[in-house]
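**Q** Here's the letter readout for the chains.
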Amino acid sequence: MIVYVVQRVLLTGLMLFGLICITFTVSNVAPSDPAALAAGPDATRDMVETVRREYGLDKPIWEQFVRYVSDLARGDFGRSIVSTRAVGTELAQYFPATFELVALAMGLGVLVGVPLGMLSAVYKNRPFDHLVRVFAVSGVALPAFWFGLVLQLTFAAQLELLPTSGRLDIASPPPPPVTRMFLVDSLLAGDWQTFADAFAHAILPAIVLSFPCLASILRVNRAEMVEVLSADYIVAARAHGVSPWRIVAVHALRNAMLPTLAMIGLRYGWMLGSTVLVETVFDWPGIGLYAVSSAIAGDFKPVMGVTLLIGLNFMIANLVVDLLYGWLDPRLRAAQ
Amino acid sequence: MAAAPLLAIHDYRLVFDGFEGTAHVLDGIDLELGAAETLGVVGETGCGKSVLAKSVLRLLPSPPARVVAGSIRFEGVDILAANDRAMRAIRGPRVAMIFQDPATFLNPVFTIGQQLLDVIAAHEREKPKAERRARAAMRAHAVSLLQQVRLPDAEALMGRYPHQLSGGMRQRVLIAMALSGAPALLIADEPTTALDVTIQAQVLRLIADLVRDLGLAVMMISHDLGVVASTCRRVVVMYSGTIVEDAPIARIFAQARHPYTKGLLAAIPTLAGSAAKLSGIAGSIPNLIAPPPGCRFHPRCPLAVERCRAEKPALRDFGGGHRVACHRAEES
Ligand SMILES: Nc1ncnc2c1ncn2[C@@H]1O[C@H](COP(=O)(O)OP(=O)(O)OP(=O)(O)O)[C@@H](O)[C@H]1O
Ligand SMILES: [Mg+2]
Numbered sequence: 000m001i002v003y004v005v006q007r008v009l010l011t012g013l014m015l016f017g018l019i020c021i022t023f024t025v026s027n028v029a030p031s032d033p034a035a036l037a038a039g040p041d042a043t044r045d046m047v048e049t050v051r052r053e054y055g056l057d058k059p060i061w062e063q064f065v066r067y068v069s070d071l072a073r074g075d076f077g078r079s080i081v082s083t084r085a086v087g088t089e090l091a092q093y094f095p096a097t098f099e100l101v102a103l104a105m106g107l108g109v110l111v112g113v114p115l116g117m118l119s120a121v122y123k124n125r126p127f128d129h130l131v132r133v134f135a136v137s138g139v140a141l142p143a144f145w146f147g148l149v150l151q152l153t154f155a156a157q158l159e160l161l162p163t164s165g166r167l168d169i170a171s172p173p174p175p176p177v178t179r180m181f182l183v184d185s186l187l188a189g190d191w192q193t194f195a196d197a198f199a200h201a202i203l204p205a206i207v208l209s210f211p212c213l214a215s216i217l218r219v220n221r222a223e224m225v226e227v228l229s230a231d232y233i234v235a236a237r238a239h240g241v242s243p244w245r246i247v248a249v250h251a252l253r254n255a256m257l258p259t260l261a262m263i264g265l266r267y268g269w270m271l272g273s274t275v276l277v278e279t280v281f282d283w284p285g286i287g288l289y290a291v292s293s294a295i296a297g298d299f300k301p302v303m304g305v306t307l308l309i310g311l312n313f314m315i316a317n318l319v320v321d322l323l324y325g326w327l328d329p330r331l332r333a334a335q
Numbered sequence: 000m001a002a003a004p005l006l007a008i009h010d011y012r013l014v015f016d017g018f019e020g021t022a023h024v025l026d027g028i029d030l031e032l033g034a035a036e037t038l039g040v041v042g043e044t045g046c047g048k049s050v051l052a053k054s055v056l057r058l059l060p061s062p063p064a065r066v067v068a069g070s071i072r073f074e075g076v077d078i079l080a081a082n083d084r085a086m087r088a089i090r091g092p093r094v095a096m097i098f099q100d101p102a103t104f105l106n107p108v109f110t111i112g113q114q115l116l117d118v119i120a121a122h123e124r125e126k127p128k129a130e131r132r133a134r135a136a137m138r139a140h141a142v143s144l145l146q147q148v149r150l151p152d153a154e155a156l157m158g159r160y161p162h163q164l165s166g167g168m169r170q171r172v173l174i175a176m177a178l179s180g181a182p183a184l185l186i187a188d189e190p191t192t193a194l195d196v197t198i199q200a201q202v203l204r205l206i207a208d209l210v211r212d213l214g215l216a217v218m219m220i221s222h223d224l225g226v227v228a229s230t231c232r233r234v235v236v237m238y239s240g241t242i243v244e245d246a247p248i249a250r251i252f253a254q255a256r257h258p259y260t261k262g263l264l265a266a267i268p269t270l271a272g273s274a275a276k277l278s279g280i281a282g283s284i285p286n287l288i289a290p291p292p293g294c295r296f297h298p299r300c301p302l303a304v305e306r307c308r309a310e311k312p313a314l315r316d317f318g319g320g321h322r323v324a325c326h327r328a329e330e331s
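As you go down the protein sequences, you meet chains G and F in turn.
Going by numbering that gives the first Met the number 0, the first residue of the first sequence is number 0, and it counts up by one from there.
Going by numbering that gives the first Met the number 0, the first residue of the second sequence is number 0, and it counts up by one from there.
It is possible that some hints are incorrect.
As the list claims (entries may be wrong) - Quick list of the computed label-pair ranges, beta carbon to beta carbon:
#1 Leu110(G) - Pro291(F): 53 to 59 Å
#2 Gly225(F) - Arg330(G): 34 to 40 Å
#3 Asp195(F) - Leu311(G): 50 to 56 Å
What the hints assert, rightly or not - Chain G residues, not near chain F, derived (Cβ > 12 Å throughout):
#4 Leu36
#5 Thr49
#6 Phe64
#7 Trp191
#8 Thr306
Hints were generated in silico from the structure; no laboratory data involved.
Glycine residues also receive a C-beta, built at the ideal position from the N, C-alpha and C atoms.
The following block holds chain G by itself, in its conformation from the complex (with noise of 0.2 Å):
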């Protein structure tokens, strides 16, 4: 085991530096005049040659990237044209934002993915199955901000159970900044009305991010479940007298659980890397919209910024399923 983590670990290790390799030839080798594009659209000869000398891109490549990575160890990752404040900084403002919706999402389309597509493969071809089958297309064939408008329209504008957008109510103050996540935040300030606050403003956009990511956990786990539920071992659990609840959600489900792990450990990195809509349409300011309004102002710093942040998530994502993988499966540990 302790062999098969190491390996794992240090395979994250590499990707990251193939990453990093890959951003750092993006901003600092393919551009023309990476110093030009830093010093901005509007900068005259003497400035461009300013920047070149202090961001050292008159330096060769191997000590540029040296430099670039020592940059990225200490959090540095360049300054943002548009605000010309440093791009970690603004990071850090808007990362924790998505990460709190998405980790919402996340843990809304396991808890509730995984025990439907369960359901249906035990009632499979009966009405629940169809109904769930339902459920699961719609969720992948809706568009993300039509059902986000549609949620708007109903719950807020219409029934009024819930706020329409933003984090917080305009009245109610952010709580003490620590993580930056509200949710978190307000509850180490063991400030509850804050909490409930930020959780009624989550909850729609959390549901409108995880519905594609719910169905196709929910998809895969049911046709993991049907294989895994047909299986010898399960009929000779039953011949054993074995409980068929016992055998449905412990011995069938963590057999189906490896695919259904790889999907959510995919469906993570999706999400980080596609928030943008249900942050435009809940007026959430997250990591999408940033990444977006600095792509469009030609803004590079903060593109490159958020895809190695994300990359770095997706990275860690894929780890954390690999572990669990080996947890789960000992013939993992054992092929070591």
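Based on the hints, put chain F with the ligands in the right spot on chain G.
**A** This is chain F with the ligands only, laid out in the frame that chain G set:
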């Protein structure tokens, strides 16, 4: 045979509904089994041996399986009408089953100990609260079961996963699981087919010893009359979902009456005459969706007459526990 048989199957008919039509897999099975009786069930592949075995524990998926007629009673309990609770009180504690391929009948992601304990705990839950054992006692029971099936180093084995065991060890683990509820009837569905020849003999001996020591009734399924002869005192020959002959093992070898049984016997290679030709049974396994009318064996039977094509032969008693389903049984 005792007055009230342990297992009584009467006119049991089972079909599988499929896209191509309805397969008549079991066609009027009549069978009784007494306590501590050892019964072998033989027949060629697809004749319905496994389906019959699984029927006793109601393990067949339905759909596609559908019982058309008949009854199965175990210790007086109507298996076909019993609810899930009643079935759980039977599966394991009263009737246990071991299977053909030990590799696929153990759950790959749980340890041997976890699986064995799970089965023991399931049986424990069927007992009244006061009689239930503590976890430690169940664990001790699990270890003793592994020792009983002659597995070395039982304690360490509890923490191993199925893929770390050999085929013979896995089958022993499955036997231990089957014994965990102290059943009255053990159904063994080709328990040695997937094993090496040397291991086969060991596992067969183990089963035979356990059956004798524990006074179990056993239903040993096989397509090998030799295997059955070494462990059972009585044998039932099946052909295409019907019982064609039922007799004490010695009687089968000495004076089989059904042409199909004779064909089976002729197909056994003997040590002395191993060079002699193997007389197999001509023809192929009959279609179960549109089975031949009358006797299902008649298209392949050397003795078939007009009556065999029209009328299904009943299982007739020839005395001494010998039953034959053949219109021309007297002639042989
Ligand atoms: N779940 C199922 N669905 C549909 N048909 C089935 C199913 N299980 C068994 N059958 C059919 O029932 C018939 C009898 O199968 P069974 O497994 O009892 O044969 P068997 O005598 O055990 O053969 P073998 O010696 O190969 O194990 C076969 O024709 C098989 O195709
Ligand atoms: Mg079989």
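**Q** At 12 Å, judged by beta carbons, does Thr49(G) keep clear of chain F as stated?
**A** holds (62 Å)
**Q** Taking 34 to 40 Å as the hint, is the beta-carbon distance of Gly225(F) and Arg330(G) inside that range?
**A** holds (36 Å)
**Q** Are all C-beta atoms of chain F more than 12 Å from that of Phe64(G)?
**A** Holds: least Cβ distance 44 Å, greater than 12 Å.
**Q** Is it the case that Trp191(G) keeps its Cβ farther than 12 Å from each residue Cβ in chain F?
**A** holds (40 Å)
**Q** Over 12 Å to the closest beta carbon of chain F is the bar; see if Thr306(G) clears it.
**A** holds (37 Å)
**Q** Just to be sure I understand the hint, the distance between the Cβ atoms of Leu110(G) and Pro291(F) should be within 53 to 59 Å; is that true here?
**A** Once the Cβ atoms are compared, 56 Å apart, the range 53 to 59 Å for Pro291(F) and Leu110(G) holds.
**Q** Run the C-beta distances from Leu36(G) to all of chain F and say if the shortest one exceeds 12 Å.
**A** holds (53 Å)
**Q** Do the Cβ positions of Asp195(F) and Leu311(G) conform to the proposed distance bound of 50 to 56 Å?
**A** holds (51 Å)
Of the numbered hints listed earlier, not one is contradicted by the structure.
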